[in-house]
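Asks: So you can see what is in the structure, the chains are spelled out below.
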Amino acid sequence: MAKTHVSTTINGDPREFLCDPADSLLDVLRGPLGLTGAKEGCGSGDCGACSVTLDGRLVCACLVLAVEAEGHEIQTIEGMATGDHLHPLQQKFLEMAALQCGICTPGVLVAAKSLLERNPDPSETEVRYWLAGNLCRCTGYDKIVRAVMETAADMREAAR
Amino acid sequence: MNEISNKWIGRNTIRPDGAEKVTGRAAYAADTNMPGMIWGKVLRSPHPHARIRGIDTSKAEALPGVKAVVTSQDFVDFPADKPVPLGIQDMRWMSRNMLAREKALFHGHPVAAVAAVDERTAAEACALIEVDYEVLPFAIEIDDAIAPDAPILHDFVQFDGKPSNIAGKLEHKLGDVDAGFAEADVVIERSFTTRPVHQGYIEPHACLVSVEPDGKTTVWSSSQGQFMVRAMTAFLTGIPQSKIRAIPAEIGGGFGGKTICYLEPVAAILARKSGKPVKMVMSREEVMRATGPTSGSKSTVKIGAKKDGTITAAQGVWYLQAGCLPGSPIRGAAGCAFAPYDIKNVYALGYDVVSNRSKVAAYRAPGAPIGAYAAECVLDEVAEAIGMDPLAFRLKNAAREGTKLAYGPVLPRIGYAETIEAAQKHPHYAVPLGKFQGRGVASGYWFNAGGESSAQVNITEDGNVVVTTGHPDIGGSRASIANITAELLGIDYNRVSVLIGDTATIGYSNLTGGSRVLFASAMVVTESTEKVIEQLKGRAAQIWGIAPDQVVWENGEARPIGEHSGNFPSMTLAELGAKANATGGPIGSGTQSNTIGAEGGFATHVVDVEVDVDLGIVRVLRYTSFQDVGRAIHPAYVEGQMQGGAAQGIGWALNEEYIYDKKGRVDNPGFLDYRMPVCSDLPMLDAVMIEVPNPKHPQGIRGVGEVPLVPPLAAISNAVYRALGKRFYSLPMSPPKVLEALDMPMAAE
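In order, the protein sequence lines correspond to chains A and B. For the first sequence, position 16 (counting from the first letter as 1) is numbered -2 according to the working numbering, and the numbering increases by one without interruption. To convert, count from 1 in the second sequence and add 192; that's the working numbering.
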């Protein structure tokens, strides 16, 4: 079957790719684009390990068709740090041991960043419901929730 | 035990592998590719039980883009009547688990595999393979499998001299239980069931294998042991171990489920046949249908006690599902169930039952949560019957130093009683509860393990340190190893790099499992580092022209003592590293050892629940774990183990289960319907670490990873009882079951 040409912006850079109509955005990110930070844990939108943003909206890349990326802006975990400066969430996750195996971590970080962009002062309940689409089997979520809330507090303080 | 200054031990340092894990750069099993790589796919049985009369692969082979097709005929044949042990596994069963031989034994059992230019072509080719099945009757549940007219899975499995689905049994006896029960004022006997639950790692199994024309085979995969991958690939394919290099990718969770392999040997033969590197990645559905889980069970436990609270006897019988091939964790159930208690009369019996399900794999303290569930629920009832607080009852009977356990050992210094005392004193235990709320407690034990480990500690020319060990790091073990090395050398933590070697670059190291990694690797890293310190002292002595015993190593420096004290300025690691070649060559040392002295671990959990009587949902309000952790080298990662285990236990107790349809197929093979706890299901999970150092370890380390999954099932069951005044004897206590118990009709039915 003929491939479709797609022009998109990924982490601020213009990118083009060819894909099959059945390819998901995740297939293309992990395959031809070489961005393997988004993980495939289920392929059905249940685990959130492939979380990315599409025009600022948090999505599971496995549920977006690659052709739907045409003309849109995508942010992935690879675009979260600035140069060698980790995003405050990335730094806090390391300081607070909010990861064990780390497979869910890219998706959790992308989702948490998306939360803090909308709500800089989330309650514990708001963090827990926002991250309910990101499965973590190692941590029991305790240190993840604490790290997100502490980062939010630090970022509010820095913005004052 | 070493004297410990606790400069780095006990610090929550940033893990050496942290930066790549928060930036998405860490390479997990599915993240590696090779030029010219093709894709492998597995054809799976559509029947839960069928004899394979023939497989015709000609149409698949003729499909353009297909490069290789394999069946069990391409692998080493292990006759069913000759055991071939590898660790706790038997290669007879592993070969049949990897690819069906005489029979397909469960729905989803691999029957053949294809490698093709892309995944879609490989899947298309799988559909063209024609398998001639003789469909057979099947048994899924334990009761169906042990019924007199049950379909027998394996003719070679005999029990009591007859073909049977009971593949084995294990007994532990101590004292005389009949006499013990005769002494008791209260005797309670109850029967329980639990459902199979999956380890639920988020990373599906995946591998990439390249076989060169000269037979050199390189495997990239994530597992709980690269040496297990090498050995199992060698056994099942016939390729010698010296030709196989197994490179451990970062591992996205395992919990025991990656202590065996499913794909690597298949990919190796596909790669050899096709002459191209082969990548294989399981879908989530394949993971759920054909890997893990742990056993479903049925059990009966009987406990007797005197009015003063002394337990006089305990007896338990457990039937555990092995899945389609022998080997369920009956040792964990029968050995751990009563281990927290000093009971003079114990009888524990376990049966290993095969049925037409995927073969079980280890899951965090394999069997122990199942054993403790029944034992700790009955203990709770006995305590209530004699009118004792459940923690006071446990404390009165607590195993201590010198207690003889039914499975054999006499306990050394342990911290079990301390976990109960800490729970009693904790504010959590005194918080008042409301309507439909209840508090439950339970304890648990896990054996822990030592075994083979290797380490190499090298000093770089600029005076820093590189430590290599052989265990996949599944939850922060590199950080703990760096803490220990920095502590011993007296240098900054950031000067220590910790790497996981592959099978060609580090000595044999057994699995990341059994809560053994930090226990064992700390031993070999300590021994190696101590040898390095001796070398450093020797080099300084040589430079100064004094005897080596006139040099001490302190705070990262060599210093002269005795008559030479103050005669020479101290030499740092950097100065000695720079002079290494002039003083005798590279500085470094390795250790390979079979470590012993891993003593068991104990924990006590307290949980508050609230039952939503309209929806049947049990919500966990508060959870506190108390555990003897030996010594917390990196406290945050120890807490992480405790919290993660509690969360898995909450899932097991309340929601997770394999559901089968009438055709013997798993009906919920995905994360939507197999419901693991999500973030909004849980409260914060408090972890209270109690440090009673293991006297047999240089840093006092005890395994901490598995005990946390042992108490939760019973703790939550006991809490639900106190919330509702009604006891459940089967898991999970899912909403339909809770509503049924409350005698309320399901909504909208």
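Please note that a few of the clues may not be correct.
As the list claims (entries may be wrong) - Which bits of chain A does chain B cover? Going by a derived footprint, with three or more residues having C-beta under 8 Å, they are:
no.	stretch
1	-16 to -3
2	58 to 64
3	123 to 130
What the hints contain is simulated information worked out from the structure, not anything from laboratory work. In this text the structure is predicted, and so the values were computed from the model without any measurement. In this text, a Cβ means the ideal position worked out from N, Cα and C, and glycines have one as well.
Asks: Taking the earlier hints as the rules, which of them does this structure contradict?
Replies: The structure breaks only hint 1.
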